[in-house]
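Colleague: Protein sequences, first through last, are from chains A and B. Residues in the first sequence are numbered from 1 upward in steps of one, following the numbering used here. Residues in the second sequence are numbered from 1 upward in steps of one, following the numbering used here.
By construction, these hints were calculated from the structure, which means they are not laboratory data. Mixed in with the good hints, there may be bad ones.
[To be verified] Straight-line alpha carbon distances no greater than 30 Å define the calculated DSSO-like cross-link-like pairs of lysine-lysine that follow: (1) A:LYS57 <-> B:LYS113; (2) B:LYS58 <-> B:LYS113; (3) A:LYS13 <-> B:LYS106; (4) B:LYS106 <-> A:LYS57.
As the structure is a computational prediction, the values presented were derived from the model and not from experiment.
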Amino acid sequence: KAGVTQTPRYLIKTRGQQVTLSCSPISGHRSVSWYQQTPGQGLQFLFEYFSETQRNKGNFPGRFSGRQFSNSRSEMNVSTLELGDSALYLCASSLAPSQSTDTQYFGPGTRLTVL
Amino acid sequence: AQSVTQLGSHVSVSEGALVLLRCNYSSSVPPYLFWYVQYPNQGLQLLLKYTSAATLVKGINGFEAEFKKSETSFHLTKPSAHMSDAAEYFCAVKGWGSQGNLIFGKGTKLSVKP
Numbered sequence: 001k002a003g004v005t006q007t008p009r010y011l012i013k014t015r016g017q018q019v020t021l022s023c024s025p026i027s028g029h030r031s032v033s034w035y036q037q038t039p040g041q042g043l044q045f046l047f048e049y050f051s052e053t054q055r056n057k058g059n060f061p062g063r064f065s066g067r068q069f070s071n072s073r074s075e076m077n078v079s080t081l082e083l084g085d086s087a088l089y090l091c092a093s094s095l096a097p098s099q100s101t102d103t104q105y106f107g108p109g110t111r112l113t114v115l
Numbered sequence: 001a002q003s004v005t006q007l008g009s010h011v012s013v014s015e016g017a018l019v020l021l022r023c024n025y026s027s028s029v030p031p032y033l034f035w036y037v038q039y040p041n042q043g044l045q046l047l048l049k050y051t052s053a054a055t056l057v058k059g060i061n062g063f064e065a066e067f068k069k070s071e072t073s074f075h076l077t078k079p080s081a082h083m084s085d086a087a088e089y090f091c092a093v094k095g096w097g098s099q100g101n102l103i104f105g106k107g108t109k110l111s112v113k114p
């Protein structure tokens, strides 16, 4: 069974632009969570989607948004990019919503660099 | 609020030596605890998880962790380090109720010397 895939793997953008990242979960998984990883703040939760509904949201500004499609694929969007948005963005999928004990499986991440 | 603290941002051991990575948690309810490993330029891979069953949890690659409620600890161990164990290790606790997301520690980078 294929793992979680994320595209693109690397992105370079400039301040003020917007960016869309994509995540395809493991086949059959309906929950997708997004995390931001930076050297300073570590791993921080962005949001979770289950059956096309946002179930949970971390403490990030409204410039960060996401959505999930009927096939469980998810996208996250960051508008008006700032230098501090440079990070590794990780997507994780699981069968059930994150409140369960189901394991979250992570993708390889998208490395975003904002210049 | 739940949290985890990983003691030591960097641990160095010799090949064949014991690996001990420390994690302490804070939780007002029985926690679900996890250890993940991250190799350079890769995502996170689950090593093991504790979900209130046996307190000694065995994971992949020879790692294990023991849940100690009295010490609020969930330390990760491996009897004999291998060069391939060099990576960054993250301890995480699952949020409670509707906040089921993972809350991660700052990570511990493990170096293995030949």
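Colleague: All the hints need checking, so say for each whether the structure fits it.
Modeller: Tested hints:
1. Simply put, LYS57 (chain A) and LYS113 (chain B) have alpha-carbon atoms about 41 Å apart, too far for the 30 Å limit, and the pair is violated.
2. Among the hinted pairs, LYS58 (chain B) with LYS113 (chain B) is consistent with the structure: their alpha-carbon atoms are about 25 Å apart, no more than 30 Å.
3. About 27 Å separates the Cα atoms of LYS13 (chain A) and LYS106 (chain B), which keeps this hinted pair within 30 Å; it holds.
4. Distance hint between LYS106 (chain B) and LYS57 (chain A) is fulfilled; the C-alpha atoms sit about 20 Å from each other, no more than 30 Å.
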